[in-house]
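First to last, the sequence lines map onto chains A and B. If you read the first sequence in the numbering used here, its first letter stands for residue 1, the second for the next number, and so on. If you read the second sequence in the numbering used here, its first letter stands for residue 1, the second for the next number, and so on.
If you're looking for bench data, these hints aren't it; they were derived computationally from the structure. Fair warning: there could be bad hints in the mix.
[What the hints assert, rightly or not] Once the Cα atoms are required to be at most 27 Å apart in a straight line, the calculated DSSO-like pairs of lysine-lysine come out as:
1) LYS103(A) - LYS45(A)
2) LYS35(B) - LYS234(A)
3) LYS241(A) - LYS77(B)
[Unchecked claim] Chain B is nowhere near these chain A residues, computed Cβ spacing over 12 Å in every case:
4) GLY18
5) ILE31
6) PHE38
7) GLU125
8) PHE126
9) ALA127
10) PRO154
11) PRO183
12) SER186
13) PRO252
14) GLY257
15) VAL262
16) PRO316
Remember, it's a predicted structure, so these values are computed and weren't measured experimentally. Glycine included, every Cβ here is placed at the ideal spot set by N, Cα and C.
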Amino acid sequence: MSFCLATESTKTVSLKTGNHLAVLRFEGWAISDPLTEFLTEEFRKTVRDLKIFHVQDRGITNEINIFYPRKKDYWACWSEECAIDLGRRLDVNYVIAGNIQKKGDDEFLIKGRLFSVDMETTLNEFAMNSSGITDSLLLEMKKMAYNVSGLPVPDTLSVGTDTSQVAITEDIKRKREWIKLPPIPSKIKALMMSTALPGSGQIWAQKKYPGYGFMGTEATLGLAALIAYTQYNKAWGGFEKNYNAYQDGTDPHTLIGLRPKVVQYAADTRRYNAFMNNIRSVGASIWIINMVHAYLVAPNDDFFDGEYFFDLEYKPDVNQVQLNFNFP
Amino acid sequence: MLTRFSSILIFHKFKPIFRVIGLTTFLLVSCEEAKYELDNPFDPENMDLDPPALFFHPPEINATVGAPISVELYGLKLDSSAAAHLDVRYDWGSVTVDSVVPGLFFTGENNPMEVTVDEQGVLDIFIYYLPDMESDQNEGGTWSLATVYFSTLSTGESELLYGPNTRLRDANNDSVKIKDFGTGYINVE
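Looking at chain B on its own, in the form it has when it is part of the complex (with noise of 0.2 Å):
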């Protein structure tokens, strides 16, 4: 003799099945979303920079007295250029240049030629892309024109400014255009 025993709905009774396909497709197939955040302060575009533009990099320098420190003259989108006059300000009490080095925006196939003028708080920087076979000038971008490295000499806070002397040429003589100037930090303590 049979006696019914109960009786389940069907769909009720598979639902956890169904259910365990369902995530088990979705873990299978579905991936993490790219989230990101471009705001990294050394990026140019976060300097707040109308491009082709000069400023300093790093932008801030903190230091101790007698600490040697380097801050590099970056070109943001630059034309073709074949010599810059660089005229940088700073406070000639709180420190002093000790070199400068040419960057890479007029490095080629030759190294570029290199004259320094220092005279109490005004550098003056000439720099000048050597041709070659090639080229008589630079291509251009987003590089670093030179390295000054100084050393404090007093506790303070100074400015680092380009001066109205300022001037980019190309391989014609003619000016490169510059929209945009940066400004720089030192802060020593």
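Isolated chain A, as found in the complex (with noise of 0.2 Å):
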């Protein structure tokens, strides 16, 4: 086990390079994901109160997964050229990667690396043993977060149990009972927002331009049809009224000329029609081809494959596209 950071160090350094430090969701082995989830969490906001960092939000940090889809395991970005990559196109200082590992029924092992993206190398390396319940992991990914901002770890955190953080877990764990909904796929999430409204799952997806494309048409044809719709109206109005008068009609000179303007208003209403439903064809196979096109292009979510609540997979041997239930 190795905490050599020291806070002057890193004071140096940040003063050089910045201190702006994405916190990776830390991988998980043989542990749930939320409680990795939440130990990350945890560790996030321990180092963000140290203020030795700027630490990132968890959404942006997370936002890799869209502008950069991976693997599973790309939380596990344990070389100093994925990390350093990852820091990249996060923008920021520094990048912290690590694992959680179960050893035994009560043991668990915390690894960490400081990775300093704007010197490409790897500054420190963590590990800390842990024996007992989730509140000891909790006290020792604390301690990392002092370690890894170069503070020295408080007497508090040393002995005893945080009893505070006890009850946030037993309040998540209750969220998770009650309020917690199922996870949805990202394709069908964008699937479903693209059927409300066409190119919303695009644009959820950051295939902004498609997405603006397929909104504009259908707006446009939206328009159109609008437009179609108040002529035929109008058309439909003059139809009724003229051919009201001329059914109730008896003088000859007024009958006469209804009937040229019942033919025309008649003609238009089924000009209007017939437009309009030109318009509903186009519409409706542009609105098919968005939504398909935006389960298309929506990333996968690799975390659903086989393991989480439902799933999309190809089936060779039926040759059919199949979604599948799975319940822990």
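Hey, can you piece these two chains together into the complex? The hints should help.
What follows is the structure, encoded as structure tokens:
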């Protein structure tokens, strides 16, 4: 185990290179994803509170998944090359990557590396052993945050149990039981969004130009349909008025004047209706293409592969695309 | 431990959604087609007349004894005219002429001048367009030339006809072509 990053040296580096830090989600080995996510976020929060680094928000860091989709193990960005590449994409000066491994029944090993994006090197590597329940893990993560920041670990973290964090953990569990909905794969989400509003799924998946294209096309067609409908309504109103007058009329002079109007208005309604039908066909086709396109361009969620709620899978043996539901 | 639960075909799964979207789109942009039948019996186009023509409107009148009735002497797509001699034949034992009122055909800036001669079932109506500063004849068209008011005398059926002396003249005293004549029918009960 090594905890070698001194406070002074960190500050010196910060002055030279800036202090923006991205904490990549820790990789969990034999521990659940929600727990890994929770511990990573607590680590982020502790480092942020220590005010040595300017820690990037989780949402922005996780956007790398959308901008640069990878396999599930992309969190295990263990090499300098990978970490520096991600750090540049996230526009930060430092990157922390790590993993939490379950070694035995109550034994965990936490490993972490601090990379300098500007200097393109590994600044430090940390490893901590934890034995006990989740609370102990949490304390170890906090200790690691102090080490990363180059600050001495306070005595309060060295002994005893962090009861406030226990309460938070219970809150999280309660939320998981009552509030948390099953995750929806990105592709299905994009499909649903584009089904509701053409182009929105593409825009959500960062394919803005096609998204705006679909949205604009459907909006234009909608506007054209609206204009055609207004004209149709006008013609239909004229038709009804004149046709009713024709049916009820008795004066030949009036009737002979109404006859061409009825014919003209009827022809107009048919013309506008045909125009609307064409718009309907084109609009519906583009709508369906938009839905398929949204599905295709949305990023793959590798963490859904057979382990989470549901997934899409091509079965070559039956030549079908299948939607699979999985329940823990 | 995860357990695979079931597999459902995606397109089968989303079929109802596609159906709803399609139906909604159809309802939003599809409208009723205009259907009509121009079969009004008073429409001159349905009277089987070859214009320009003269006809009675209405062509068939049902009335009771003693009840006043009226019939319009109507022109269909007539050319411009300045005067008319309308020779109307009726059953003078069944109905009697009360009065004749000129129609809009010869009404311009001034009201037309009208002379009526009624003799034993033959009603001669002479109507003249009174010129003004702008025109000395009307513009033609489909209009009522005159309205004849009858009183019914006895039950029975009688016919209304245009006699051979019926003619129209323009401002140059030239004949205005009339290709067809309609007939009328009065049924007194």
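To see whether the hints hold, each was checked on the structure:
1. LYS103(A) - LYS45(A): 26 Å, holds
2. LYS35(B) - LYS234(A): Holds. LYS35(B) to LYS234(A) sits at ~16 Å (cutoff 27 Å).
3. LYS241(A) - LYS77(B): Distance of about 25 Å is within 27 Å: holds.
4. GLY18: Answer for GLY18(A): holds, closest chain B Cβ roughly 43 Å.
5. ILE31: 15 Å, holds
6. PHE38: For PHE38(A), whose nearest Cβ neighbour in chain B is about 21 Å away, the distance exceeds 12 Å, so it holds.
7. GLU125: 34 Å, holds
8. PHE126: PHE126(A) is indeed farther than 12 Å from all Cβ atoms of chain B, at 32 Å.
9. ALA127: 30 Å, holds
10. PRO154: Per Cβ check, PRO154(A) is outside 12 Å of chain B; nearest 40 Å; holds.
11. PRO183: Holds, because the least Cβ-Cβ distance between PRO183(A) and chain B comes to about 14 Å, which exceeds 12 Å.
12. SER186: It holds; SER186(A) is separated from chain B by about 15 Å at its closest Cβ, greater than 12 Å.
13. PRO252: 5 Å, violated
14. GLY257: 8 Å, violated
15. VAL262: 6 Å, violated
16. PRO316: PRO316(A) clear of chain B: closest Cβ-Cβ about 14 Å, beyond 12 Å.
In summary, the structure is inconsistent with hints 13, 14 and 15 from the numbered list given earlier, while agreeing with the others.
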